[in-house]
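Q: Listed here are the chains, written in short residue letters.
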Amino acid sequence: MFKSGNHGDPVPNRERTRKRFYGSPEMETARKPDIGESRSESMHGWCGKILRVDLSRGKISNEALDPQVARDYIGARGFGIYYLRREVDPACDPLGPENKIVMAAGPLTGTAAPTGARYVVTTKSPLTGAITCSNSGGNFPAELKKSGHDVIIIEGRSATPVYLWIDGDRVELRPAGHLWGKTTHETDDALRGETHAKAKTAVIGPAGEKQVLFAAIMNDRDRAAGRAGVGAVMGSKNLKAVVVRGEGEVSLADPVAFKAANTKYREAFKAKTQDNPPPLRVHGTAITVVGTQSHGVFPTRNFQQGTFEGWESIYGETLTRKYLVRAKPCFSCPIACGRVTRIPDGPYQGEGEGPEYETVYALGSDCGVDDLAALTKANYECNELGLDTISMGSAIACAMELYEKGYLKESEIGMPLPWGDGAALVKLARMTARREGFGNILAEGSRRLAARCGHPELAMVAKGLDFAGYDPRGEQGMGLAYATSPIGGSHMRGDPAYFELLGVPVAVDPHTWEDKPPLVAKWQDLFSVIDAAGLCVFFSVRYLVEQNLMVKPVGITELLNGATGAGYSPEEVERAGERIVNAERLFLLAAGFTRKDDSLPPRITREPMPAGPAKGLVCRLEEMLVPYYKLRGWTPEGEPSEAKLKELGLL
Amino acid sequence: MKVHVHPFANLRDYAPTGKGSFELSLADGATVADVFATLRIPSTVEAVILVNGRRADQTTPLAAGDEVTLFPPMEGG
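Respectively, the protein sequence lines represent chains G and W.
Plus 2 on top of the position in the first sequence (first one is 1) and you've got this note's numbering.
Plus 28 on top of the position in the second sequence (first one is 1) and you've got this note's numbering.
Simulated from the structure, these hints should not be mistaken for laboratory data.
Incorrect hints may appear among the rest.
Short derived list, chain W residues pointing at chain G, Cβ under 7 Å [to be verified]:
(1) Asn38
(2) Pro44
(3) Val73
(4) Pro101
(5) Glu103
EDC-like, lysine to aspartate or glutamate: derived pairs with alpha carbons at most 20 Å apart [claimed, not checked]:
(6) G:Lys266 <-> G:Glu548
(7) W:Lys47 <-> G:Glu548
(8) G:Lys272 <-> W:Glu74
(9) G:Lys617 <-> W:Glu95
(10) G:Lys274 <-> W:Glu95
Glycine residues also receive a C-beta, built at the ideal position from the N, C-alpha and C atoms.
Produce the complete structure using the sequences and hints provided.
A: As structure tokens, then:
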């Protein structure tokens with residue numbers, strides 16, 4: 003599949019980089035007044051248009067989206083792996099010009115579908131060497147669709163800092179030297195000032211510029227495509243930002259059917275929430291602490307414990323009471339889980355968004371910090387500097403344990419680093435983003451830090467990506483999900499916490515492992531579908547799938563068909579999800595990953611949980627992996643069989 | 029017998045006094061369903077139920093000193 007790209011070309015001179023492209027003949031052919039005319043006549047839901055940006059040559063071009071690719075891969079995450087496999091050598095240097103960034107929206111992104119707000123950034127990760135596909139909401143993704151584009155493929159490397167300005171079908175690269183070094187918020191302010199007040203931005207902060215291996219791409223100021231260093235890849239390309247303005251509407255194949263489905267599922271949401279106010283709207287995702295702490299899987303002190311004595315000081319209800327200003331929805335979202343917060347006074351005074359549950363775990367319990375103001379302030383810093391809060395917190399937690407055990411000296415850190423030191427969170431985030439002092443070591447992430455100190459087993463990672471906020475010893479399915487996720491230790495590639503902890507759609511015993519392989523596989527495929535469609539899992543898992551463990555994507559299929567006219571069956575949609583998972587697996591294998599990388603640290607598989615409701619348990623990963631591979635149609639070595647690839651059209 | 033009840037989020041609205049954790053007196057042989065009946069939690073209100081940190085349901089029998097945790101199903105974290 004890999005075809006060599008046009009990399010390594012002489013870099014353009016500054017003049018050429020400055021060139022405005024919408025006057026070029028190439029772009030002339032693509033200039034159309036609205037989405038409806040610029041897309042392929044037969045395409046709805048999808049715009050039918052790919053924007054290719056060659057930063058080495060300073061060249062921008064349009065390509066048509068292949069309708070068969072659209073149908074087979076649905077969009078967003080599906081398009082990401084399709085183009086990455088086609089165009090990027092899995093063995094490439096992630097921070098070299100040969101790596102590419104695929105930013106892609108789904109067919110429901112930018113429509114009125116509930117939570118049709120998402121896009122996915124796919125690239126080869128500098129943190130892990132694996133694929134990463136980071137997902138984000140806000141308003142930027144919908145705006146991208148309204149500008150008439152499904153996909154942006156960013157390739158090469160600019161000689162000098164630039165940003166991409168997409169004003170409908172007029173697209174240009176502009177110098178960004180004056181923005182280099184600025185925070186994400188400063189950059190957003192400046193870019194909207196020099197383009198359009200209503201433009202939407204996706205930017206990197208100082209962390210991305212310095213190629214911190216877990217730098218994020220921040221869109222709409224505080225929403226993050228956070229995981230596995232997508233921001234570092236953008237920084238390596240000297241691309242500071244993508245700015246987009248679109249005034250078109252996404253064309254619908256069958257507006258009547260689409261509206262009927264949309265109304266039906268929004269009404270179902272309203273009916274259920276009449277007696278059940280959505281916890282995520284009232285308290286944000288940080289309410290999830292109740293679920294993890296109660297089950298004894300709230301990671302504490304670098305996963306040494308599964309319960310945190312200070313949990314009530316940092317969970318969602320406390321956040322609501324102390325610092326919540328208002329709930330903030332993404333585009334077209336009825337839930338509104340986003341948190342606008344303010345710390346009115348004290349050493350951590352500030353205002354911003356968050357913290358989310360994952361941040362409360364990573365910068366809170368995992369570091370033994372029960373000071374909500376400190377971890378919220380550290381969250382603000384991460385957002386403004388462009389850092390993934392999960393990997394930042396996890397790296398600090400790892401450093402704290404290395405320090406506790408005497409494997410990391412105070413002289414190496416430059417300060418003491420005891421558990422619970424809230425001030426250190428803020429300080430280390432700032433140092434990491436700018437690679438100052440010990441921050442330069444933290445910037446490489448927990449895996450490299452632990453290895454450097456001679457104790458790689460103390461990095462709580464899968465495939466080098468830091469775990470989310472769930473200890474797999476008391477939640478067996480999560481262990482299998484971490485180990486087999488294509489991007490490493492993420493909960494968002496088939497989140498078993500829904501059925502193991504949170505009661506959605508039904509409750510399953512989190513301690514059993516025998517029943518988990520088929521559930522994890524099914525949910526991984528489902529999450530691929532949700533990500534590909536451009537939806538958010540928070541709404542989708544409760545309202546757009548059948549409410550049993552097989553989670554047939556009936557509602558998603560209805561919405562997809564109304565938007566695209568593709569005439570999908572739910573089974574075909576599920577199959578597309580499975581295709582995406584297998585395609586991602588193929589990229590991993592080609593990048594050199596093997597069965598042994600489907601692993602968890604020995605703490606999780608061999609050290610029994612010391613206390614709490616999950617006391618005495620370890621994660622039974624090996625027992626789950628064998629049946630998991632088998633039911634996936636993979637060999638005992640974890641490679642998709644020829645028959646499976648043929649069935650999915652991946653041969 | 030007495031059990032300890034820990035309600036969260038909207039389930040706090042059914043706590044007899046204040047909105048925090050409380051002790052509840054139940055007849056011997058009571059189940060989780062008796063907690064719901066005593067607190068008058070409507071059947072339309074959804075709850076995830078844990079007894080001593082383990083997954084439970086309405087039929088789960090209770091013993092003196094049990095810790096009963098109630099929280100709404102959540103759409104994720």
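Q: Broken hints, numbered, in rising order?
A: The structure breaks hints 2, 7, 10; every other hint is satisfied.
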